[in-house]
Amino acid sequence: MSIQRLYTAKAKATGGRDGRAISSDNIIDLPLSTPKEMGGPGKEGATNPEQLFAAGYAACFDGALNLVARMEKTPITGSTVEANVSFGKDGDNYGLAVDLHVNIPGMEQEQAEALVAKAHQVCPYSRATRNNIEVNLSTSTNA
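Mapping of the sequence shown onto our numbering: residues 1 to 143, in sequence order.
Be aware that a few hints might be false.
What the hints assert, rightly or not - Straight line, CA to CA, 27 Å or less: simulated DSSO-like cross-link-like pairs of lysine-lysine:
#	residue 1	residue 2
1	K36	K73
2	K118	K73
3	K89	K36
4	K73	K43
5	K43	K118
6	K43	K10
Hints listed in this document are in silico derivations from the structure and should not be mistaken for laboratory results.
Predicted model, so just to flag it, every value in this text is computed and none were measured.
Can you make the complete structure from the sequences, with help from the hints?
Written out as structure tokens, the structure is:
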């Protein structure tokens with residue numbers, strides 16, 4: 001399957017998990033450090049690939065959620081998506097798991113869950129990870 005490319009983000013990493021990540025426009029220029037939980041130095045002020053993936057997935061999913069809501073003429077305001085990306089063992093290899101916690105304030109729980117399920121079908125990150133890694137969804141409607 002080939003997509004019509006509308007935008008291409010470019011970033012370069014050097015030094016692996018204890019190096020640096022820089023976007024082509026230098027907006028992102030971050031030191032990387034393996035977390036202490038993974039046996040690394042966990043340097044203060046440094047990020048890691050899982051945090052970067054979590055930020056991207058959360059932003060993309062919230063965008064998909066708002067798109068689905070607009071398409072269904074169901075106004076939502078103040079939605080938040082928290083992505084928890086876990087790194088761990090997957091048999092003899094390493095793998096990722098994602099827990100997405102979506103909050104849509106002031107909406108009925110059942111309606112919110114339906115919107116989240118639809119967003120999960122259209123979000124490009126969800127589509128890319130489907131059947132590749134574990135992704136768990138939870139939905140709340142807290143004000």
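Evaluated hints:
Taking the CA atoms of K36 and K73, the gap is about 46 Å. The hint is violated against a cut of 27 Å. Pair hint K118 plus K73 holds up; C-alpha atoms about 14 Å apart against a cutoff of 27 Å. At most 27 Å may separate the alpha-carbon atoms for a hinted pair to count; K89 and K36 meet this at roughly 16 Å. Taken as a hint, the K73 and K43 pair is broken in the structure, with Cα atoms around 46 Å apart against an allowance of 27 Å.
As the CA atoms of K43 and K118 are separated by approximately 39 Å, the hinted pair breaks the 27 Å bound. Between K43 and K10, the direct Cα distance comes to roughly 25 Å. Compliance with the 27 Å bound is thereby established for this hinted pair.
Of the numbered hints stated above, those contradicted by the structure are hints 1, 4, 5, listed in ascending order.
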